[in-house]
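K.L.:
Single-letter residue listing:
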Amino acid sequence: MMSAGSDISEPIAGMMADINAYEHTPEAQFGDYVALLKPRVMSLVVFTAFVGLWVAPGPVHPFIGFCAVLFIALGGGASGALNMWYDRDIDAIMTRTQSRPIPSGRVEPGEALGVGIVLSVISVMMLGLVANWFAAAFLAFTIFFYAVVYTVWLKRWTPQNIVIGGAAGAFPPMIGWACATGGISIESLLMFALIFFWTPPHFWALALFMKEDYHNAGVPMLTVTHGRRSARRHIFAYTLVLAPFAIWLGLTSVGGPLYMAVAVVLNAMFIHGGWKILQRSEEQAIADGYAVEKRVFKLSLVYLFVHFLALLVQGWMGGW
Amino acid sequence: MPIQAEHEIHGRRRSRNVGLGLVLIGFVALVFALTVVKVRQGGLIEGYDHQPRVSLTPLDGETKGDAP
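Respectively, the protein sequence lines represent chains X and B. Take 16 as the starting number for the first sequence in this note's numbering and just add one per residue. Take 218 as the starting number for the second sequence in this note's numbering and just add one per residue.
Just so you know, the hints here were simulated from the structure itself, not pulled from any lab data. Heads up, the beta-carbon is just placed ideally off N, CA and C, and yes, glycines get one too. Any given hint could turn out to be false.
Simulated restraints on C-beta separations [as the list claims (entries may be wrong)]:
hint, chain 1, residue 1, chain 2, residue 2, range
1, B, G236, X, E227, 34 to 40 Å
2, B, G238, X, H241, 50 to 56 Å
3, X, A107, B, H227, 26 to 32 Å
4, B, A246, X, A276, 41 to 47 Å
5, B, G236, X, V256, 42 to 48 Å
6, X, A252, B, G238, 50 to 56 Å
7, B, V256, X, W335, 48 to 54 Å
8, B, R230, X, T173, 42 to 48 Å
Looking at chain B on its own, in the form it has when it is part of the complex (with noise of 0.2 Å):
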């Protein structure tokens, strides 16, 4: 026979997981996002391996955000 009645300590416990729940969600989404921004703006991705790239440079005159 299942228990019908819920003991406080229940939602309690419901309002910590569905917190936590809620937080590492957010953590996700929030990092997919700063990947994302930290990408287009060109930030790191020819220094990670100290090798530049021919392919990723900006030709002369040409700023960061207009680069293919």
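Extracted from the complex, chain X is given alone in its bound form (with noise of 0.2 Å):
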């Protein structure tokens, strides 16, 4: 006959293996669902998307803004959380994408999946009934140039892959200003082309010293199939092509004196570095730890951030 002692430890012993057998489950919690919707990227998306918002002609509840911004960058969040299923098994080779939910182990693909898959609909369902059904069949066509057109065939394909995939990233302004015109407009074919034409620099600058993990994964960077001799001259070549646009935009109701000011100095900077980076060899930038490509990625970063921090400004204080 089993003691009384038994009869009880041995349901607890039970809990406790089933409870030691969860542990390395993928089990997540809140914050590893978050993680999916890259919200660094969504705070890009965020960002120009309210500017594109606030500099579009045209009065917009507050409210009806803030939804509208919200479920625009919900909508970047999917089309995130649908690239990190895709690139699964290249986000576990990169160093910088090892840690993500997916390679880590926290969530498993097909929750990643059905989270994309149904925020996707749920943004874009609700900008047509917060704003207006153009704002939102342009933010289906984003998420889908993101999660399909970029991931799936442009990014394993041609290293022109973030040259065509960063017009997803462009898009969220000119959905604000959709959302606020219910149409498209010179203006946000501007703040597209800012963005669109400042991404090709911005990431080949980031490749030049981040060079071991593209070609790790397998990934066509320009650096890798190209060249890096080629890479730099693409990185001044596409400042060069993005200055007119950004001085272009300034000139337009959306500008005025500030927004061209700033525009002036930081294009002859970018132009300056783009240059700096030209003129340097390998052997160069080896023997400095790519220094100079490090101030110009970070030089792009402000640049982009502080071009759309005058159009704020200066919608506020009126154009020209």
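Using the hints, put the two chains back together into the complex; each one sits in its own frame.
P.N.:
As structure tokens, this is what we get:
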């Protein structure tokens, strides 16, 4: 006959064994699902979409504007989750992405896919109800472009992946503008161009000093497929292409003296940075630990943020 | 005998449940507030069944916001 003590301890031991078995299962906490949405990318989407909405003509109720930006950001986050689902194999190889929720085992791939699809549908439907169906369709296209055209098709196929794929990151200010106006105009197209032509020099500057990651994962980055000399030429060329669009934006209804002054200074600095990258040999870059490339990469972050900040302030002050 | 010790997995599960609960509450509050704003703006009140209602039509020279 068993004692009372063993009657109790056996079920407890069984439960502890069950719990220990669960210990290494991928059971996520809430923050892991938030990480699936790429919060840092979302912050850029929020900021640029808000500026697009803010500078657009016509009044928008503040709460409607808040909801519109929220659902644009949610749509951006959903496409990030779909990207993480598809790229889970290469994310596990690159050191920069190994700690993401799927490769680290905290979230299962199917969960990420589910989160991505559900949030995509919710964000598009809600944006249609909050703002208008043109903006909602634009958001749906942006999610499709990032998750399918860029992630599935371009990223592993061509070194021009980030050039064309950069369009997905350039759409948010156009969607913000569309929320307020229901359409597209030269101003929103130029805001698109500002981000679109900024993306290649920004990423290639990063690729110059993060060279092993993309190579190991087999992602055809320009620095790998065409060589680092070619990447340096491309960076400089894109800073030259970018500048006229940034200045042109300053001549439209959303521009003004403040924006123009900021654009002239920042574009001169960016072109100068691109020129310095072009002038350097790989040996010089290795010798100083890619100091110039890192400086230009940091400048590119400031470049985009300050341009949109200037648009925001200019919109508040009034333009020409 | 109740289990006193809490395993780390319970913390993760609680974080997920609380987070999802807050998101759902936030979503309901957002839709409610949005409905209030849309209705006060006059939005599509008359458009849902394609039947303009005289009682809701602003008088000449009267703006939407001033309608009773």
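K.L.:
Hint by hint, note whether the structure agrees.
P.N.:
Hints, one by one, checked against the model:
no.	hint	in the structure
1	B:G236 - X:E227: 34 to 40 Å	36 Å, holds
2	B:G238 - X:H241: 50 to 56 Å	51 Å, holds
3	X:A107 - B:H227: 26 to 32 Å	28 Å, holds
4	B:A246 - X:A276: 41 to 47 Å	42 Å, holds
5	B:G236 - X:V256: 42 to 48 Å	44 Å, holds
6	X:A252 - B:G238: 50 to 56 Å	52 Å, holds
7	B:V256 - X:W335: 48 to 54 Å	38 Å, violated
8	B:R230 - X:T173: 42 to 48 Å	43 Å, holds
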